Structure formats: C-alpha cells, structure tokens
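For the protein sequence lines, the chains are A and B, in the order given. According to my numbering, the first sequence holds residues 23 to 278 in order. According to my numbering, the second sequence holds residues 267 to 469 in order.
Calculated directly from the structure, the hints in this document are not laboratory data. These numbers come from a predicted model, not from an experiment. Think of the CB as a built atom: it goes at the ideal place given N, C-alpha and C, for glycine as much as any other residue. A hint or two may mislead.
Covered stretches of chain B (in silico footprint by chain A; criterion: 3 or more residues with CB under 8 Å from a CB of chain A, positions within the stretch not fixed) [to be verified]:
no., segment
1, 362-372
2, 375-387
3, 390-404
DEER-style ranges, computed between Cβ atoms [as the list claims (entries may be wrong)]:
no., chain 1, residue 1, chain 2, residue 2, range
4, A, T81, B, D456, 41 to 49 Å
5, A, R159, B, S467, 14 to 22 Å
6, B, I290, A, P37, 56 to 64 Å
7, A, S55, B, G307, 41 to 49 Å
8, B, D456, A, R163, 22 to 30 Å
If the Cβ cut is set under 10 Å, some of the chain A residues that face chain B in the computed set are [to be verified]:
no., residue
9, I100
10, L102
11, A109
12, N212
13, A213
14, R215
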Amino acid sequence: MSAIVEFREAGYSVPRAQGSSDILRALTFTVESGETLVLLGRSGAGKTTALKMVNRLLTPTSGEVLVEGRPTAAWDPIRLRRRIGYAIQETGLFPHFTVAENIGLVPRLEGWTADRIEARVNELLEQIGLPFREFARRYPRELSGGQRQRVGVARALAADPPLLLFDEPFGALDPVKRQDLQKQFLDLRNALRKTAIFVTHDVREALVLGTRIGLMSNGRLELLATPQEFRRADGSEARAFLAGLDWRVEGNGPSQ
Amino acid sequence: MDLRNELASLTVEHIQLVLVAVLIAAAIAIPTGILLTRRAGMRRWVLGLANVLQTIPSLALFGFLIPVPLIGGIGKRTAIVALVLYALLPMIRNTLTGILGVDAAVRESAVAMGMTGRQILWQVELPLAMRTILAGVRVATVTTIGTATIAAAIGAGGLGVFIFRGISTVDTAQILAGAIPAALIALLADEGLGWLERKLSPV
C-alpha cells in the first residue's frame, strides 16, 4: 500500500476583522491506495474544507497536502483535478447539458473520441441503473433527486480517475434510496478498486462505507480508526455519534 | 409620394443608427461585464460611471459631444457615440448579474472537473447567463430606438427629423409620422429579441 493523499500539518484559516479564524488546524493523515477514508463530523467540523484541499479548490494556509507524493501547490491544478473524481450533495450538474453530456464532460475535456465517450456513458448509466435509451438525452431538471445524485457520481467516475472525492453525495435522499446508493457505491468500489475520501455526518454511512473513519471536530482530527475500532472508541465525540446510532436504528444497525 | 419615400429612407437610417450603436455598445459592455465578474473591486467604479452617463439628459449629451474633437461634431458619428454611452449600462449590469447568478455548485463542479477558466466562461457561464444578457441587450435596444429620435437634433437623421420638423412647424401629422414608426420599430425589436431570448435560453 502506498499513500495516494497525505496531509502534513495542513491548516486552513480565513482572515477576520480581528486576526483570523482557524477552520482546520494542523491536519495530518494519509489515505492509502484502494481504501475509502470517511471523514465524519458535525457540520462546521472542517470535513468539506479538508476535502477541497485535495483537489486544490482550496490551498492550505499552513502545512501542505500531497497527492501522489507531490504537494497540490506544485501540481498544475487542471491536471490534478482531471485525475480526481468529485461529487457533491448539490450535484452541480450543468443544467444546460443532457445527462450524457454531463457524464461525458471530463472525457470530452480529455479529448476522447465521440464513440469512446458514448460507450463510456452507456456503461456508466448501466452501472447506476439508469438505462441509456431512456435517460441519456434528458436534462437534469427532468430527473428525480436520487437520479441526479447518481448522475453526479457517474460524472465523477467517467474518466476513470484513480482518486474519488465525495461530499455527502447521497445527502439529499430518503433513507431507503440512500441505502440503495450506499450498496451501489460499495459494489462499485470493490469492483473498481478506487481510492476514495468520503465526507458525511451520518455515522451509519461512515461505518458501512469506510475502510477507515476519520472523526473530525472543530477543525481537528479527533480519531482515525477502522470501523471496528471506532465502535469501541471512548472519546466523547465518538460516543456522541455512536449514541445516535443506537437510538436511531435500534437492533438494526450494521453488524460487525 | 414624396412623404412615403422620405419615411422609408428615414426609417432605414434610424434602424442603421440603432443597430450600429447597439452592436458597438454590446462589443464594449459584454466583455466589460465579464471582466467585472473577475474584478469585484472595479464593479462600483465602472457601474457608477455607466450610471452617471445614463442620468445625463440625452439632448444635453448630444450637445456636450459636439465640441469634442475626433468623436464630436455634427452628424451620425456623434449621435452613435452618445447612443453607445446610453446603451452600456443595461448590458454591463445584466452580463454581470447573469454570470454571478450561475449556481455556485455548478461553478464549483466546473472547476473541480478540471475545466480551464476559458472553458468555464464559454461552456458554463455564458450559456447559463445568456438569457439575462439578452434581456440587457433588449432593454438597451428599445431605449436606443427612442433616444435615437433625438439624434436628429445634431443632424444625424433618422425618424427624429419628422418629429423636430413637426415641432418647429406645429404640424402634428409630421410629429406622428416620426413617432409612430419609431414606436413600432421598438415594439418589433422588443418582440424579436424576446423571442431570441427564449429560443437561446438553455434551461
């Protein structure tokens, strides 16, 4: 195993009227090839900020983030981002592009031939359970919320990037659809052997999807553990999340 | 009939005046609006300047320009300069609002997919802002058609010739011969550009 992503004392602060306020404080961890690291935390914990530092939507104000051994600041940002799939809760699908055009975006930017793009779009739509003939020519506004989020994930996968960043990609869904997509995500991940960083505030999702869980609170990494270790963790923030799990899905939680 | 010929030629002249002015103004205003989306610090100054230009009464602006070297004097050139100055504001403002109005998640995705600044502008921002930008062009065009009637005061021709002649000879028919066609052109332009707006709007 080798580190695909490495945070080295990476911090992020924004200037305020007086001094500055820290969003992330000296974050240090690595993401190994093939694993799914879930960043779990309440809103405002800094998960999304950490994620955005990987594809250089944000640059650390202290320390550095390395992708494939090279600091993000030393990468050509365009090259870096084309190697990293990115899917977010709001999907960010282009409203003036059809489903096929949205999914085929990065391959087109990368100069694939039209035939190859179409074959790829076809394959991805198949994988996310939206038949090409029915969905390829639709616009995002003609899809349900769940279908849009699936298209967003397919777009992130399109050019077969070695690294995936997911920011609550299933966030806007009801629990049943959410479990559906989580299962699909697991199948895809196991089949494709991708490295992924996945942001969520749902502890259940973290336990199901993560090979490791990074618990974040107030801009710090409180705990970095496997799901098994996480269940036994005794920090107060971890206990708070686990208490929510027992209460919500009593007797029905994911077994170890 | 003499009046009919004159009406035809003045109408053509009027439309030419408006077309040239709006095209030049768009060529200045749309790139300026795009630039302002990238330079927040310049917004207040540029929009303020364009605003001030709009508040100058049109007859006064035509008058001010007459003594200015190169762009001034009597005739079409001066009129076009004045009409361009008036048409700038709605187009700058709508270009700015249209592009800034693009959904933040869409723009962030475009960046995260590895699109270059130019690709984002041409493939995402401009198509999504097109409807608002065209609405600005429409407002500018309709106002320019009206303002252009005053251009006759400095010898630029157009339908204003009828109106000024009608005023000086107290001849209502002459005034209407200028005013009615100008109003019709404005309505047609409004309809046509409105249709284009709907046709070209992507969503």
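Consistency of the hints with the structure:
1. Only when three residues or more bring their CB closer than 8 Å to a CB of chain A does the claim for the segment 362-372 of chain B stand; here the count is 3, and the claim holds.
2. With 9 residues having a Cβ less than 8 Å from any Cβ of chain A, the segment 375-387 of chain B passes the three-residue criterion, so the hint holds.
3. A count of 3 residues in the segment 390-404 of chain B with a Cβ less than 8 Å from any Cβ of chain A is obtained; the coverage claim is therefore met, three being the minimum.
4. Judged by the Cβ atoms, the range 41 to 49 Å given for T81 of chain A and D456 of chain B holds: they are separated by roughly 48 Å.
5. Judged by the Cβ atoms, the range 14 to 22 Å given for R159 of chain A and S467 of chain B holds: they are separated by roughly 19 Å.
6. Roughly 42 Å separates the CB atoms of I290 of chain B and P37 of chain A, a value that falls outside the hinted 56 to 64 Å.
7. Separation of S55 of chain A from G307 of chain B is about 44 Å and conforms to the stated range, judged on CB atoms against 41 to 49 Å.
8. For the pair D456 of chain B and R163 of chain A, the beta carbons lie near 28 Å from each other, so the given range of 22 to 30 Å is met.
9. At about 5 Å, the closest approach between the beta carbon of I100 of chain A and any beta carbon in chain B falls short of 10 Å, and the interface hint on this residue holds.
10. Among the interface hints, the one on L102 of chain A holds; its C-beta lies about 8 Å from the nearest C-beta in chain B, closer than the 10 Å criterion.
11. Interface restraint check for A109 of chain A: the shortest CB-CB distance to chain B comes to about 9 Å, inside 10 Å, so the restraint holds.
12. The criterion of a C-beta within 10 Å of any C-beta in chain B is not met by N212 of chain A, whose closest approach is roughly 25 Å, and the hint is violated.
13. Interface restraint check for A213 of chain A: the shortest CB-CB distance to chain B comes to about 23 Å, outside 10 Å, so the restraint is violated.
14. About 22 Å separates the beta-carbon of R215 of chain A from the nearest beta-carbon of chain B, more than 10 Å, and the hint is not met.
Consistency with the previously given hints fails for numbers 6, 12, 13, 14, ordered from lowest to highest.
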